[in-house]
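Q: From first to last, the protein sequence lines stand for chains G and S.
Residue numbers for the first sequence follow our numbering, beginning at 1 and rising by one.
Residue numbers for the second sequence follow our numbering, beginning at 1 and rising by one.
Hints in this document: simulated from the structure, not taken from any laboratory.
On a predicted model such as this, the values are computed, not experimentally measured, just so you know.
Among the hints, a few may not be true.
[As the list claims (entries may be wrong)] Partner residues are not named here, just some residues of chain S that face chain G (Cβ under 10 Å, in silico):
1) P52
2) V92
3) Y151
4) I251
5) N253
Yeah, the Cβ is synthetic: ideal placement off N, Cα and C, and Gly gets one too.
These are the residues of each chain, in order.
Protein chains: 2
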Amino acid sequence: MIVIKIGGGAEIDHDQVADDLAFLASEAQEFVVVHGGASTMNQVATQLGHPPEFLTSPSGYTSRRTDRRTLEIFEMVYCGQMNKGLVERLQVRGVNAVGLSGLDGRIWEGRRKTAIRVVKDGRQRVLRDDYTGKVERVNVALLRSLLDAGYVPVLCAPAVSYEGEAINVDGDRAAAQTAIALGAEALIILSDVPGLLAEFPDESSLIKHIPAAELHRFTEIAEDRMKKKVLGAAEALAGGVHRVVFADGRIVNPVRRAMAGEGTVIGD
Amino acid sequence: MIVIKIGGGAEIDHDQVADDLAFLASEAQEFVVVHGGASTMNQVATQLGHPPEFLTSPSGYTSRRTDRRTLEIFEMVYCGQMNKGLVERLQVRGVNAVGLSGLDGRIWEGRRKTAIRVVKDGRQRVLRDDYTGKVERVNVALLRSLLDAGYVPVLCAPAVSYEGEAINVDGDRAAAQTAIALGAEALIILSDVPGLLAEFPDESSLIKHIPAAELHRFTEIAEDRMKKKVLGAAEALAGGVHRVVFADGRIVNPVRRAMAGEGTVIGD
Chain G
1 MIVIKIGGGA EIDHDQVADD LAFLASEAQE FVVVHGGAST MNQVATQLGH
51 PPEFLTSPSG YTSRRTDRRT LEIFEMVYCG QMNKGLVERL QVRGVNAVGL
101 SGLDGRIWEG RRKTAIRVVK DGRQRVLRDD YTGKVERVNV ALLRSLLDAG
151 YVPVLCAPAV SYEGEAINVD GDRAAAQTAI ALGAEALIIL SDVPGLLAEF
201 PDESSLIKHI PAAELHRFTE IAEDRMKKKV LGAAEALAGG VHRVVFADGR
251 IVNPVRRAMA GEGTVIGD
Chain S
1 MIVIKIGGGA EIDHDQVADD LAFLASEAQE FVVVHGGAST MNQVATQLGH
51 PPEFLTSPSG YTSRRTDRRT LEIFEMVYCG QMNKGLVERL QVRGVNAVGL
101 SGLDGRIWEG RRKTAIRVVK DGRQRVLRDD YTGKVERVNV ALLRSLLDAG
151 YVPVLCAPAV SYEGEAINVD GDRAAAQTAI ALGAEALIIL SDVPGLLAEF
201 PDESSLIKHI PAAELHRFTE IAEDRMKKKV LGAAEALAGG VHRVVFADGR
251 IVNPVRRAMA GEGTVIGD
């Protein structure tokens with residue numbers, strides 16, 4: 001079992017990814033796909049007159065401000081455009097994909113944060129009308145029954161709160177929880193960089209291998225968008241996933257190359 | 001087993017419908033939900049700079065012109081905003097809904113029309129770049145396994161062509177095929193009128209009952225948006241569904257009232 005997270009960067013080549021996923025399926029490799037959509041989300045939200053806002057936590061992590069209108073546009077882009085675009089790409093290639101959000105069948109369940117501490121202009125504030133949270137439980141029974149019947153689950157945010165509300169969650173960390181819950185041997189995180197870079201954005205500074213025990217040292221090096229990927233990787237490894245690979249989603253055979261060790265391989 | 005189609009009219013009260021569906025679920029009534037989204041679709045397509053166009057067939061049926069960009073916006077609205085909005089309303093009410101399009105797991109499969117004959121300004125033309133079709137096969141195994149595990153499937157267009165492409169299909173007729181495939185005893189079609197009206201839009205001219213054998217006589221009476229509902233009803237009855245009810249989706253307890261015979265009841 002492998003979990004493959006496809007980032008939401010504008011440069012990810014979805015046709016190449018879909019070609020590779022179809023190859024994996026033809027080899028009877030079991031896998032679950034998780035995808036993002038941040039770049040398209042930012043465009044569409046702006047087009048619809050509700051441009052994106054980002055929040056910074058006291059510990060330096062960035063996240064999307066998710067009010068009710070943002071959540072609605074988020075569902076349009078992630079669950080509509082991106083999810084069905086990927087499901088169609090897989091169906092055209094003969095892969096029987098089933099696209100689901102974390103809301104559906106309570107696949108990704110977690111606590112909604114009732115208060116979010118953010119830093120703005122050097123001062124701390126608390127937000128109470130944000131719809132975000134963290135995946136704490138994965139509905140393995142539903143995913144397992146789909147996999148056993150030959151379907152490929154294609155998952156995306158939002159998740160569902162214990163009260164049944166839609167909540168925005170980080171895709172990389174949700175992918176990590178999914179990999180842990182399914183007992184996956186590997187989690188592959190494709191984005192529009194070749195992996196973790198010692199000196200972002202210099203792609204020749206790619207870090208090729210990080211032993212699990214040393215990962216915590218790399219949180220500082222990671223630039224903004226990589227910080228949560230490093231956190232997700234740490235969670236996956238702590239939860240029993242053997243290997244996490246940060247790999248390039250812009251190239252030919254991105255999944256196969258990641259599986260062969262191209263990118264940043266984290267684990268022992 | 002009942003199939004409930006929720007129309008895409010702006011006046012449908014989704015909270016009332018969700019309340020009623022939660023009641024049905026609490027009574028252990030098995031059901032599948034199918035929904036539309038036309039009114040929101042028209043708004044969003046216009047906001048995104050790709051306003052709706054409609055086609056008229058030589059036999060007088062109207063359908064949405066569905067080029068690739070329309071299909072993308074269609075997926076945003078139907079599979080994203082509408083579908084997840086409904087799934088969330090059900091999850092908040094304790095119903096474990098699973099929202100799926102016809103693409104997912106090839107739930108609604110059919111032939112893409114390679115050429116569509118349309119009438120414009122009194123002249124016939126043929127369109128070849130439209131992504132529309134008709135549901136011919138329903139993946140009963142997937143729906144059955146979800147139902148048996150206690151989930152409520154919430155379905156919407158697009159469907160999938162035999163080649164794996166997304167195709168726009170009529171929601172009422174797709175609901176009819178779903179009802180036939182599942183052996184449903186009833187198909188309830190909620191819209192923003194009280195049922196079939198002898199003199200549209202006079203709501204006091206509601207036709208309360210139509211014997212199955214006489215339904216064909218009512219195609220002429222039906223105004224534009226009702227024509228395909230009448231066609232869907234005829235297909236459902238011919239396929240073994242005992243009863244079709246056209247009912248009002250704007251009122252309190254819309255589903256229970258339809259089940260009790262309020263609206264236009266078609267069947268014997």
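Q: Run every hint past the structure and note whether it holds.
A: Now for the hints, and whether the structure bears them out:
1. P52: With a minimum Cβ separation of about 16 Å from chain G (threshold 10 Å), the hint on S/P52 is violated.
2. V92: 4 Å, holds
3. Y151: 6 Å, holds
4. I251: S/I251 check fails; min Cβ-Cβ to chain G is 24 Å, beyond 10 Å.
5. N253: 21 Å, violated
Comparing the model with each earlier hint shows violations of hints 1, 4, 5; every other hint is respected.
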